Amino acid sequence: MQAELIEIRNHLAQHAPFDEMPEELLDRIVSDIEIAYFRAGTDILKLGERNAYLYYVRSGAVEIYRRSGELYNRITEGEIFGQFGLLMNKTVRFPAKAIEDSLIYLIPDEIFQYLWENDDNFTDFVEIEDHSRLRSALSRREKSNQPMTARVTRLISREPVMAPNTVRLQEAARIMTDQGVSALLLMDENGDSPRLSGIITDRDLRTRALCEALPSETPISDIMTDDLITTNSSSFIFEAMLTMLHNNIHHLPVMDGDKVRGVIALSDIVKHESQSSLYLVSNIYHQQDVKGLKRLSKEVPNTFVRMVREDANSHMIGSAMAGIGRSFSQRLLELGEEKLGPPPIPYCFMALGSMARDEQLVVTDQDNAMVLDDSFDPAQHDEYFLALAKFVSDGLAECGYTYCTGDIMATNQKWRQPLRVWKEYFADWIENPKAEALLNSNIFFDLDGIYGRTEYTEELKTLIAERASNSQRFLAMLARNALNRTPPLGFFRTFVMEESGKQAKTFNLKRRGTAPVSDLIRVHALARGSRAQNTFNRLKAIGETKLIPEDGVDNLRDAFEFIAIVRIRHQALAIEAGREPDNNVRPEDLSPFERSHLKDAFQVVSQAQKFLKFRYHAQVGRNV
Amino acid sequence: MSDEQEHAGSEALTETLSWPERYRELAEKAKDPRLKAFYEAGCVAPETPVKDVPFVAVDFETTGLDPDKHSIVSIGVVPFTLGRVQLGGSRHWLVKPQLPLHQTSITIHGITHTDIGKAPDLEEVLDEVLESLAGRIPVVHYRSIERPFLNMALKWRIGEEICFPVMDTMAIEAHLHPNRKLTWWQKLKGQQPVSIRLGDSRLRYGLPHYPPHNALVDALASAELLMAQIQHHFSPETPIRDLWL
Numbered sequence: 001m002q003a004e005l006i007e008i009r010n011h012l013a014q015h016a017p018f019d020e021m022p023e024e025l026l027d028r029i030v031s032d033i034e035i036a037y038f039r040a041g042t043d044i045l046k047l048g049e050r051n052a053y054l055y056y057v058r059s060g061a062v063e064i065y066r067r068s069g070e071l072y073n074r075i076t077e078g079e080i081f082g083q084f085g086l087l088m089n090k091t092v093r094f095p096a097k098a099i100e101d102s103l104i105y106l107i108p109d110e111i112f113q114y115l116w117e118n119d120d121n122f123t124d125f126v127e128i129e130d131h132s133r134l135r136s137a138l139s140r141r142e143k144s145n146q147p148m149t150a151r152v153t154r155l156i157s158r159e160p161v162m163a164p165n166t167v168r169l170q171e172a173a174r175i176m177t178d179q180g181v182s183a184l185l186l187m188d189e190n191g192d193s194p195r196l197s198g199i200i201t202d203r204d205l206r207t208r209a210l211c212e213a214l215p216s217e218t219p220i221s222d223i224m225t226d227d228l229i230t231t232n233s234s235s236f237i238f239e240a241m242l243t244m245l246h247n248n249i250h251h252l253p254v255m256d257g258d259k260v261r262g263v264i265a266l267s268d269i270v271k272h273e274s275q276s277s278l279y280l281v282s283n284i285y286h287q288q289d290v291k292g293l294k295r296l297s298k299e300v301p302n303t304f305v306r307m308v309r310e311d312a313n314s315h316m317i318g319s320a321m322a323g324i325g326r327s328f329s330q331r332l333l334e335l336g337e338e339k340l341g342p343p344p345i346p347y348c349f350m351a352l353g354s355m356a357r358d359e360q361l362v363v364t365d366q367d368n369a370m371v372l373d374d375s376f377d378p379a380q381h382d383e384y385f386l387a388l389a390k391f392v393s394d395g396l397a398e399c400g401y402t403y404c405t406g407d408i409m410a411t412n413q414k415w416r417q418p419l420r421v422w423k424e425y426f427a428d429w430i431e432n433p434k435a436e437a438l439l440n441s442n443i444f445f446d447l448d449g450i451y452g453r454t455e456y457t458e459e460l461k462t463l464i465a466e467r468a469s470n471s472q473r474f475l476a477m478l479a480r481n482a483l484n485r486t487p488p489l490g491f492f493r494t495f496v497m498e499e500s501g502k503q504a505k506t507f508n509l510k511r512r513g514t515a516p517v518s519d520l521i522r523v524h525a526l527a528r529g530s531r532a533q534n535t536f537n538r539l540k541a542i543g544e545t546k547l548i549p550e551d552g553v554d555n556l557r558d559a560f561e562f563i564a565i566v567r568i569r570h571q572a573l574a575i576e577a578g579r580e581p582d583n584n585v586r587p588e589d590l591s592p593f594e595r596s597h598l599k600d601a602f603q604v605v606s607q608a609q610k611f612l613k614f615r616y617h618a619q620v621g622r623n624v
Numbered sequence: 001m002s003d004e005q006e007h008a009g010s011e012a013l014t015e016t017l018s019w020p021e022r023y024r025e026l027a028e029k030a031k032d033p034r035l036k037a038f039y040e041a042g043c044v045a046p047e048t049p050v051k052d053v054p055f056v057a058v059d060f061e062t063t064g065l066d067p068d069k070h071s072i073v074s075i076g077v078v079p080f081t082l083g084r085v086q087l088g089g090s091r092h093w094l095v096k097p098q099l100p101l102h103q104t105s106i107t108i109h110g111i112t113h114t115d116i117g118k119a120p121d122l123e124e125v126l127d128e129v130l131e132s133l134a135g136r137i138p139v140v141h142y143r144s145i146e147r148p149f150l151n152m153a154l155k156w157r158i159g160e161e162i163c164f165p166v167m168d169t170m171a172i173e174a175h176l177h178p179n180r181k182l183t184w185w186q187k188l189k190g191q192q193p194v195s196i197r198l199g200d201s202r203l204r205y206g207l208p209h210y211p212p213h214n215a216l217v218d219a220l221a222s223a224e225l226l227m228a229q230i231q232h233h234f235s236p237e238t239p240i241r242d243l244w245l
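For the record, the sequence lines run as chains A and B.
Just so it is clear: in the first sequence, position 492 is 492 by full-length UniProt numbering, and no numbers are missing.
Just so it is clear: in the second sequence, position 70 is 70 by full-length UniProt numbering, and no numbers are missing.
If you are wondering where the hints come from, they were derived from the structure by calculation, not from laboratory data.
Mixed in with the good hints, there may be bad ones.
[To be verified] Derived DMTMM-like pairs: lysine to aspartate or glutamate, alpha-carbon spacing no greater than 20 Å straight-line:
1. A/Lys90 - A/Asp109
2. A/Lys599 - A/Asp589
3. A/Lys259 - A/Asp226
4. A/Lys46 - A/Glu34
5. B/Lys51 - A/Asp43
6. A/Lys294 - A/Glu338
7. B/Lys118 - A/Glu4
8. B/Lys96 - A/Glu4
9. A/Lys540 - A/Asp551
10. A/Lys613 - A/Glu550
11. B/Lys51 - A/Glu34
12. A/Lys610 - A/Asp551
Because the structure is a prediction, the values reported are computed rather than measured.
Given these sequences and hints, build the entire structure.
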């Protein structure tokens, strides 16, 4: 290698699997590299074509597709592709296309084969990229450097930049300039120790100060954001990401109790996690029409698979998928409002069921509702809200969130009502419980306001939290319903399968696995008066009381996680294999490891159901 | 020598003779065997589509900008076609300048007296340099350096001149951005003029930043830039005569 090409060697040396190679080997690789440039939109590899190179992205971005044309992966700077074909018969198995202008380094097959045979680290890397990575993922331990399991504190690179909240506008701007930060924390120094009271960002200075031509002596407290959204130093990077996207903010203070640890910016996360669900979510907000959203929705399964590969747990995956679903809904609502004009009265768009619980997966229908302002006049306003609901519901269906078969959607007039009517609904469900009616309204007890006046949903949550815990009849009825679906305990002796047609030799991991758990945990959470929606968070709330024995809570959490993750992997494998993902598992698909642990998990669920029956006097088959 | 002067001579000739014809003629006239071999390797026909043209990106680091007063310090060459750069074929030579190194140029290209002390005279590597250019169309970023400097170096050493067509990636950028002078109003608004420097031009095509002022890396940088320019603004079928200068 010409010594002058050290720049290229150094780039390789920064990226796996080249990062562990000795310099001499890298020099040899560089000497044989060929370089090609691909303009955005051009094909790099076509299916079936001969190929004798390993591709390394020096700059730009490339998408890899399946035979079916479905997106398989997105590759960016420092990543490789083309290895599958080299390992098979030098024929392209996964076509590739440049989605940005891309400079590609091509490593000849001869070198690839040499590395493959002589460098174990390289071989592992390339192999793990293959499906085996997915299959072995279940038993692998979470690694601390995985994007899904890294904590926000890893992104904090400096001490927080703070100023008293009494400073003037110009002084604040000067501090930000001197310190080179795009956000300044403002502290209330009146108490014993300074307390975080607000934040001001570059964008705020532009929109709130410059645009309004405010004098430089304006107190910063006049324009700072004081209803602060923060995150805890123990939270995961992905959680921080969702918080920012959820609230459309770009800076997030990280707290240790009352003390500020630092501030992280959305751009820090983008840098940290170049191929995350973030790419997808931030793109959702850039789409200008339903067609664009539909196109983007094709990537959701891919994001899902990637999270599974990265060893995310079910809580992370469920939250990320729910976050993506929310983002689609929110963007559709924005587009709907653009199309139909601003809403005549305030309203809140509410997610129900798995999205509200942050437990969404890839196979999911839409469950939503609208809570309208109490000034709602059907004759005057309903035409607008029906049109908006229809726009969103149709858009979601386009994006793969199928219509709800039970018609629990805002397009149904019954679920498009003013707040007072919603309060009546809930009061009626709780105070005059009827088993049949409750079975259908179960889903409304997992609710989350995702757009507009979310405080309407909060009012409903308060109502539920206050009244549900006091209605023994309601809890008993709910408990009884929660016992309708039992785990397939006999599964491991004589297979107990779903009886209907096509899936005759399978059992449903949702209906007989995760759903019974979230159902029974909902009952305990409502009894405790908890406002939590997510099953894990509800479990935490339950754990703080003596509703169920302490180890019962831990066991339930583990059981739920295990069943959920088996279900998730089952779906990821189906996507990987190009099949339609579902919840139906064939026993022979499970590893001995999964079988034995599923058996334990189902036993835990069964015990918990027995306890639920006892605790709330819920007799199956008759009303109490 | 100004750009226009450097250029005028060759243009007058191209009107009468095409480049391949001139190469044949010059091959006969050339006395130095190395120069003769260079011309004998020939030049592609003017109607050849750019996609079929063998190129070689060339970059010199020099002690200054004036070929009459300054000398070549290093040479980098990277053979390529529009489809592929072959890094294996790239070469880099340090050569001893005839005139002392200027302090300012040291700070630009980082080549010091110590490096130069051991370097050969260009004469000693001339066969290799000409060989690397033979049969290929040189690609440079800013044509007023490589051609006139090489011409001057040969004149001094072998008493003969050299001429060849070049592709100038800077001229292409200049052509794409004709209005680089800002109006007073644009200046008032603090607008920056479009830069056609190598590094800045590359950014417009999504090409990565390479550290500048090393002859080989700069040659590679202009090879990649030409690939990108053709893909964005021209057809691979464009005849080479439309682009060479």
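- Query: Out of the numbered hints, which ones does the structure contradict?
  - Reply: Those not satisfied: there are none.
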